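S.K.: The chain contents come next:
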Amino acid sequence: MSPTTPAPIFDVDGLLRSPDTRIIVCCGSGGVGKTTTAAAMALRAAEMGRRVVVLTIDPARRLAQSMGLNHLDNTPRAVPDIAGDGSLDAMMLDMKRTFDELVETHSDPERAAQVLENPFYQALSSSFAGTQEYMAMEKLGQLQRESEAEDLWDLIVVDTPPSRSALDFLDAPQRLGSFLDGKFIRILTGPAKGAGRGLGRVVGAGLGLAAGAVKKVLGTELLVDVSTFVQALDSIFGGFRQRADETYRILQQPGTAFVVVAAPEPDAVREATYFVDRLTEEHMPLAGLVLNRMTLPPGHGLSAEEALVAADRLEKSGEHLETAAMLRLHADSMRSSARQNHVADRFTAAHPEVAQGVVPALADDVHDMEGLREVGDLLAEDLPRTG
Amino acid sequence: MASDLWPGVRLHIVTGKGGTGKTTVASALALALATGGNRVLLMEVEGRQGIAQLFDVPPLPYDETRVAVAPDRGEVIAQAVDAEAAVLEYLRMFYNIKRGGTALKKIGAIDFATTIAPGLRDVLMTGKTGESVRRRENGQPVWDAVVMDAPPTGRITRFLNVNSEVGSLTRVGPIKNQADSVMRVIRSPETMVHLVTLLEEMPVQETVDGITELRESELPVGSIFINMQQPEELSDDQLSRDVPVSAAQLSSGLEAAGLPAAEPLVQALEEEGVGHAVRVRLQRRERERLESLGVPIVGLPLLDGVDLGGLYELAETIVAQAPR
Ligand SMILES: Nc1ncnc2c1ncn2[C@@H]1O[C@H](COP(=O)(O)OP(=O)(O)OP(=O)(O)O)[C@@H](O)[C@H]1O
Ligand SMILES: Nc1ncnc2c1ncn2[C@@H]1O[C@H](COP(=O)(O)OP(=O)(O)OP(=O)(O)O)[C@@H](O)[C@H]1O
Ligand SMILES: [Mg+2]
Ligand SMILES: [Mg+2]
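From first to last, the protein sequence lines stand for chains C and W. Using this note's numbering, read the first sequence as starting at 161 and increasing by one per residue. Using this note's numbering, read the second sequence as starting at 610 and increasing by one per residue.
Next up, chain C with everything else stripped away, as it sits in the complex (with noise of 0.2 Å):
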């Protein structure tokens, strides 16, 4: 089912180098080179002579030192040793301060603390669903309006948490902002606010019995934490599902570009699809997808079973054992890159027009600078994935 035209091939130098690029945000799902390909890009737009800010969410240790950050980082600082005009700042997600900031910028210091210090804040800045992607666009959105007031970067280029799903960063925030200003905390609030309202004007059949069930459920407790807590940050700024709209409205506008990163793996591929499909729904730009971790076939002729034929054939034999090792390592890339590449053509099946840039797997993981540079090279070389 190979499909009969080939992708068209993703541009990434043209994409770094042209100044409307000004925000690039790579999605994919869990482990397939999201943070890996995020840094690399930024980097090799920095040495092409541009400003950048690249907003890493959990790299690898190894990775984060080489580019000079500690866990300690919720700011970008200079990554030391840029060749060319350029610059590149780098900086690590730290959610719950960027969580904690918010409330302080946007109250005095006694409704902060007080919402600092309630227990249903300190679950949800630490470990709820989708708080991880709330901040990661509140941060952009932050980094965004900072350089616009101060000319800090030309471009600005996001990592995406390590979600199963790449649609978790789009629709996360806003479920967790639409929670947050639903129907349901209304409900639970009301009390508080006067008699007469909330819970106990509920009535109708089923509802009374449900809010009776939650306070059971739920333990009253929590609900007057959730409550105080709603309250409070009522009062610090308007509704979280409309601040969450905002920042998702940078990611509509024409100087923002969608890179998604996928392994040449099914699970990934699907989900490249889905995404993809998302995108074109909401008006997002997409600027191409990257097939991260691929196993190229090697540019000689030699095919897996002529490989296997001849291994057999020395090990009989019992003499060049290093050679028929060889041939076995050749024979089982063969084969790798051929269910990669059909893999890889289903996507191309479902979406001919999105433009593909290949990725080699590298036999080292990508932990320093050279690394990272090594893969923009790649990544701009535009390698064919097929024999």
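No lab work stands behind these hints: they were computed from the structure. Everything numeric in this text was worked out from a predicted model, so none of it was measured. One should not assume that every hint holds.
To be verified - Coverage of chain W stretches by chain C, computed from C-beta distances (three or more under 8 Å per stretch; other residues unrestricted):
1) 620 to 629
2) 804 to 813
3) 834 to 848
4) 851 to 864
5) 869 to 878
6) 887 to 901
As the list claims (entries may be wrong) - If you want the ones that stay clear, here's a sample from chain C, every Cβ over 12 Å from chain W, calculated:
7) Asp173
8) Ser178
9) Pro179
10) Asp254
11) Arg257
12) Glu264
13) Glu277
14) Asp405
15) Ile410
16) Ala509
What the hints assert, rightly or not - Far from chain C, by Cβ distances over 10 Å, these chain W residues were calculated:
17) Arg648
18) Asn747
19) Arg933
Yeah, the Cβ is synthetic: ideal placement off N, Cα and C, and Gly gets one too.
On the provided structure of chain C, position chain W with the ligands as indicated by the hints.
M.R.: Structure of chain W with the ligands alone, referenced to chain C:
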């Protein structure tokens, strides 16, 4: 009858970094434990229907469904514990609420309970698991073993500990009682938490951190499953060289095999050898870090795509290496 793998253990909790193979390993482990005639329950708690896809069956309902037979009349029964269904079942069981469910759904309470309320979702998931482990019929446990395809390492300690935290949220009532009995199961010698990892820096680091956390919380650490191991095709001596197999060796080898020893082929094979050596050194380095943890290790090979056949192959590998 109990399995003779991991003797005495009836609840196997499988965690690991996202994408390292938790679902695959949990499924293969269930098959391995079922080998020899056992009935094993395989539970999915993250609502992704990964197990159904793997066993190539339709999406699992909330009810227990047989998905595979194991050698010597064993069987694997799978169940996807959907949080929403668990909440409704819970309300029915403990509060005798039957009609309220729909209304709760309408106002967003179920969403709240399943995705946002601190730990409530986890309470339900672990509660359901604890109940399955304890369930008995005619004086016998219904399941010889229960395997849980669990949340990733970053969340596992919190997930398993949720029941002890619940104590501080709700001081009395049925939730508290259930929480206590779940904690008794999880902390008993009948339970083990296994960690799946790849031989790469990040997943190994997560495994190291995860084990530290589990130990600090006095949760029982089981085995480490090293997944997707690449075979080592080179001797120690070859590995110690920059170029493990030289162009000269390859040229004469290819000739002996009756292949034309053309320059591009020789060069490509030489490079494949260099790359393989780098990967093997990386694997060994990471493996040493894991070995220093003093936890039994089970190694699983990298397959060329995982299908049902591959799953049985992994199960056999587990049977051969499991502690007994
Ligand atoms: N092309 C490549 N060749 C070899 N190793 C790679 C390649 N790309 C990424 N890696 C390695 O794979 C691992 C995962 O990459 P990375 O952290 O970028 O993924 P991610 O998508 O950000 O993961 P998460 O979802 O956990 O955040 C890292 O150890 C990285 O060094
Ligand atoms: N031993 C193996 N050999 C080859 N491929 C494997 C192996 N184990 C798992 N895989 C593949 O790796 C991918 C991830 O596996 P799996 O879904 O089991 O991981 P997971 O940890 O459950 O992921 P998630 O965190 O998304 O739930 C799948 O495509 C699976 O087929
Ligand atoms: Mg990452
Ligand atoms: Mg899984």
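S.K.: State for each hint whether it applies.
M.R.: Status of the hints after comparison with the structure:
| no. | hint | verdict |
| --- | --- | --- |
| 1 | 620 to 629 | holds (count 4) |
| 2 | 804 to 813 | holds (count 3) |
| 3 | 834 to 848 | holds (count 3) |
| 4 | 851 to 864 | holds (count 7) |
| 5 | 869 to 878 | holds (count 5) |
| 6 | 887 to 901 | holds (count 3) |
| 7 | Asp173 | holds (26 Å) |
| 8 | Ser178 | holds (32 Å) |
| 9 | Pro179 | holds (35 Å) |
| 10 | Asp254 | holds (15 Å) |
| 11 | Arg257 | holds (18 Å) |
| 12 | Glu264 | holds (23 Å) |
| 13 | Glu277 | holds (16 Å) |
| 14 | Asp405 | holds (18 Å) |
| 15 | Ile410 | holds (25 Å) |
| 16 | Ala509 | holds (19 Å) |
| 17 | Arg648 | holds (29 Å) |
| 18 | Asn747 | holds (33 Å) |
| 19 | Arg933 | holds (32 Å) |
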